[in-house]
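Turn these sequences into a full structure, and let the hints guide you.
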Amino acid sequence: MKKVFLLLLFVAVLASCKSDDDSTSSALVQFQFSQNWDGTAVTASDIDNTVYTNENGEELKIARLRYLLSRFQLSSADGSNTLLNTYQLIDLSDASTMQSDSQVTVPEGTYTVSMIYGFNDEDNVDGAYADLNAASWNWPTMLGGGYHFLQFDGMYNVNSSEPKPFNFHNGTARVSEGVFESNFVEVDLGTITIDGDTTINIQMNIAEWFKNPNTWNLNELDTPLMPNYEAQIMMHENAQSVFSISQN
Amino acid sequence: MKKYVLSIAVLTVLLFVSCSDDSNPDEPGYEPIPYTLELPPIFDRINPPSIPSDNPLTEEGVALGKKLFFDPILSGDNTLACAGCHKPANAFTDDATLSIGIDGEEGIRNSMPLFNLAWNTNDFFWDGAANTLEKQVLEPVANPVEMHEDWENAVAELSAHPQYPEMFSKAFGTSSIDRDQVAKAIAQFMRTMVSGNSRFDKYLLGELELTESELNGFDIFMDEDRGDCFHCHGNPFNPLWTDNQYHNNGLDETFDDRGRGLVTGDPMDFGKFRSPSLRNLAYTAPYMHDGRFETLDEVIDHYSEGLVYSETIDPLMKAVAEGGVQLTTEQKEDLKAFLLSLSDPSFINNPDFQN
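Sequences listed follow chains U and B, in order. Per my numbering, the very first residue in the first sequence carries number 4; after that it's consecutive. Per my numbering, the very first residue in the second sequence carries number 216; after that it's consecutive.
Calculated from the structure, these hints are not laboratory results. Fair warning: this is a prediction, and the values are worked out from it, not measured in the lab. Take the hints with a grain of salt, since some may be wrong.
[As the list claims (entries may be wrong)] Just a few of them, taken from the derived set where beta-carbon distance is under 10 Å, the chain B residues facing chain U:
hint, residue
1, T336
2, P451
3, M483
4, A536
For every residue, glycine included, the Cβ atom is placed at its ideal position computed from N, Cα and C.
Listed below in structure tokens is the structure:
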């Protein structure tokens with residue numbers, strides 16, 4: 004009796020697989036990454052060269068921009084989720100980091116796209132990733148450990164006689180010695196319609212780091228910011244509007 | 216019975232023939248013996264070493280590379296070996312500020328120490344002029360202020376040598392010698408030079424306790440508010456203790472040596488040099504690309520109060536307006552104690568890397 008039941012179950016599973024394949028076309032989804040300053044593309048050639056003016060009016064140059072994104076997810080209206088459980092360390096100076104090696108196949112349809120800026124608590128484990136360790140991407144254990152989410156270095160007041168450095172680095176927030184607060188962001192990137200193989204371009208508007216909701220005053224908050232709880236939380240708040248998507 | 220004896224005889228002959236095929240470079244199908252790189256456990260924390268597919272490590276290649284590394288035959292007047300400026304006791308750098316070539320001339324930079332190069336996926340040398348370790352090997356041999364040798368002459372001398380032709384044949388399975396094989400062999404030897412057995416490594420592996428001063432120094436190193444050394448020199452999860460990237464660390468207002476800018480031509484790269492590893496500092500004085508600092512104290516003083524501004528300064532030199540991160544005397548001593556805990560006596564005494 005048990006055997007007959009198992010056999011029936013097996014047939015039922017096979018049948019359900021088959022009917023899925025027949026009823027809906029699948030599409031291959033890939034992810035790529037780009038950066039802009041309020042809509043103007045920012046690339047490696049802008050490093051140390053192009054002067055940008057932030058919301059607070061400070062003129063700055065970008066020396067280094069690296070950031071970590073993870074857990075790219077497509078959620079359909081029927082409640083099913085497809086998770087690309089990977090992470091990407093994006094480096095403005097390295098074009099090879101602008102495309103994820105991973106991809107997913109999903110049924111065609113309409114999806115809400117989301118991701119994690121940084122690592123969530125489950126993933127943000129001290130020293131857990133050999134490639135990120137090799138990139139010295141770690142966040143100091145004394146500040147809660149795990150990994151940086153963002154490293155954005157540059158000089159501001161660049162047209163003055165005294166340009167000054169800023170180190171806009173983001174990761175776990177230290178409330179007090181030994182007390183830490185998660186600082187990752189679940190970013191809702193909006194809705195897309197997938198009707199064939201597609202590449203989702205995840206854009207970072209760098210200007211937004213200094214803009215919304217907190218207008219950033221680099222003259223007051225330049226460096227060091229990693230141990231500064233308030234600065235870490237302000238970055239977290241500003242991260243929400245930094246990212247958006249387009250489809251290729 | 217006869218048949219049985221005959222079979223055994225045939226089998227034995229076959230075995231001998233096959234052995235002979237494998238070990239004789241003149242026979243088709245000859246392959247050198249793969250070299251197993253044994254890694255200290257601390258290297259589990261990062262990606263495996265990057266060994267180029269066209270130059271795998273072999274027993275014969277490494278042995279040849281070692282012999283070449285210590286042999287002055289590669290210099291113009293047969294007086295200077297690689298090891299002359301990359302001395303084992305100094306973690307394979309030079310204790311002279313600037314190395315002296317065979318004609319008595321000084322180079323413009325302090326020689327770089329040699330260890331853990333198998334993990335460098337960026338370019339090589341202070342300015343990244345060589346994009347592979349093999350290309351890096353070619354340079355000093357021909358450089359007029361270093362070994363000042365003509366490569367054709369070097370290859371001719373090696374070809375006429377009583378031992379080298381057979382060693383090259385065993386390493387590369389070819390009957391002739393060329394400069395690329397020389398570079399490959401020395402690069403293989405250098406990739407075996409792994410250092411990962413310092414006091415701090417043992418501390419991380421739970422094998423010993425550090426002193427209070429060393430631990431305080433480690434905290435200063437990792438604290439963005441104080442030393443902030445880790446952004447360029449790594450952290451306990453990266454046993455290389457360098458990012459292998461180029462930075463202007465506030466040494467000069469103007470540049471006699473353009474550094475990375477010599478390679479890229481980009482004025483915004485002027486004065487940038489590769490971050491050296493902090494391993495083995497006990498043996499690698501003098502410090503910086505030009506060997507300007509005789510002691511580790513001078514290096515720490517530089518980051519504490521000696522920084523000067525220039526247009527290409529790295530923003531990670533955050534306290535340049537104040538001249539540096541302003542460490543106290545005690546903090547400096549602690550930081551130095553930590554830095555010295557990254558030195559690895561078993562590396563400089565390893566018989567595999569001695570002549």
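For this session: Could you tell me which of the numbered hints above are not met by this structure, giving the numbers in increasing order?
Result: none
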